[in-house]
Amino acid sequence: MDDIYLIAVLSNIGMISFIALSAYLLLVVGEISFGQQAFFAVSAYGSGIATAMWGWPIWLGLLWGALVAGAAALVVAIPTVRLRGLYFSVATLAFAEMVRLIFEIFTYQVEIEGELVGPDGSDGFRDIRAIYDSNVSDFEYLLIIYGLLSVVLIGFLILERSRLGAIFRMIGEDPLLTEMQGLNVNAYKILAVVMAGVVAGIGGALYAHLATYVEPKIFNVMLGVHALAYGLIGGLGTAVGPLIGVAIDIGLLESIRAISGYRMIVFGGLVAVLLIVRPRGLLDEAAVHWLRGRWRGLVRAEN
Amino acid sequence: MRTLTAVLALSAMLMASGAAMAGERVAADVSCTATAEKLTYDCMIMLKGKKSSEPVEGAEVVVKADMPSMPLAHNVRPVKAAAGSMPGHYTATLELEMHGEWALTLDVSGPTRDRVVKKLHFGGASGETEHLHEEMKDHGGDMDHGEMKMEESQ
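Protein chains in written order, with our numbering: chain D, 1 to 303; chain A, 304 to 457.
Hints are computed from structural coordinates only; laboratory data are not their basis.
Accuracy of the hints is not assured; some may be wrong.
What the hints assert, rightly or not - Below are the DSSO-like pairs computed for lysine-lysine, each with C-alpha atoms no more than 30 Å apart in a straight line:
#, chain 1, residue 1, chain 2, residue 2
1, A, K383, A, K351
2, D, K217, A, K341
3, A, K351, D, K217
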């Protein structure tokens with residue numbers, strides 16, 4: 001049982017890391033989104049429909065889920081791109097709630113082998129069994145989750161060292177000055193929102209196929225708030241930051257079983273304290289710069 | 304980089320593997336009663352074949368619990384259910400972290416392999432009069448949607 005438990009905790013850490021990275025990307029461009037759970041949801045339903053109802057292979061279902069989430073993000077990005085600060089946050093929250101409420105009434109079912117399969121409004125979407133029916137064990141699925149997470153994380157680390165990454169950070173620092181450099185801030189922000197939607201979508205598709213069951217209630221604002229908090233706890237200096245946030249919440253706090261029932265309270269307190277003492281998280285830009293300097297120093301000393 | 308390539312290759316192989324489910328789908332009925340210990344519930348699980356209605360005997364049943372309204376937030380330890388006194392009956396003791404609606408995932412293996420998700424509401428202000436109402440949202444089960452069942456503990 002301990003193995004099953006450990007694999008379940010690690011799987012949860014892996015899947016929620018996607019939505020944490022998604023919220024982090026928007027934090028980098030200076031926007032706070034309370035709505036990343038919407039893209040997680042769209043992909044969970046989209047990929048579930050593709051594999052459970054249309055019979056698509058799992059890899060195509062995951063890809064489809066991510067693309068649908070990216071398309072949904074584009075739909076949000078175009079009208080909201082000119083909004084700043086609180087207005088953007090409220091707009092993303094409103095969109096996410098809208099998506100959740102649509103799934104509360106969304107019914108689309110087909111009969112497969114005598115069973116009705118598909119989303120059934122508030123009753124949720126059952127029998128997303130592509131992974132289960134393929135006899136993929138929980139451990140094997142864990143490897144899939146972390147394989148994809150590694151790809152996304154490496155992508156983020158490459159992005160951080162690229163011109164595009166520098167532009168994203170510039171927009172986060174001062175969009176007006178960025179505009180004065182001749183850069184189209186709105187276009188780059190739309191790109192960031194779509195990329196963030198795709199990343200959240202990968203997590204949503206993975207979640208739906210592990211759980212085999214999703215319902216609208218899963219994608220409430222709590223998931224979005226957590227996603228946001230992970231970046232703010234772990235730090236906005238590097239993409240590793242939000243993963244540290246996830247590890248602290250699920251890993252560290254979960255390991256202290258005495259407080260597990262009160263984890264949300266401890267987590268809320270932790271976010272509040274960190275926002276006061278380290279507004280850009282544990283691994284903020286200054287910490288990352290210092291660590292890189294130390295690393296370079298060590299490498300030079302070795303040579 | 305080589306490790307990453309190996310992990311990705313394994314992921315691709317696993318994704319490409321074909322379906323191989325054997326046996327009949329399982330219908331499950333779950334009822335839980337509160338114990339003297341806070342947030343601890345004794346659950347009775349009844350499994351039967353979905354089409355044959357024959358009790359599922361000799362199965363290994365692992366029960367996992369998650370809260371739909373707080374996804375990925377609770378990591379309740381999975382519990383292996385013990386065979387009950389009657390055919391197709393299994394018992395498990397769940398230690399939850401809070402009251403509210405929980406989704407119980409029953410992983411059935413042995414004579415047949417299936418996964419059944421049941422949603423239950425664990426509630427009650429005091430440990431003495433815990434009430435449980437089960438929504439018959441049966442993943443692979445045979446109950447009608449909307450049917451309600453109320454059960455009161457000792």
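Consistency of the hints with the structure:
no., hint, result
1, A:K383 - A:K351, "holds, 18 Å"
2, D:K217 - A:K341, "holds, 26 Å"
3, A:K351 - D:K217, "holds, 29 Å"
Checked against the numbered hints listed earlier, the structure breaks none of them; every hint is satisfied.
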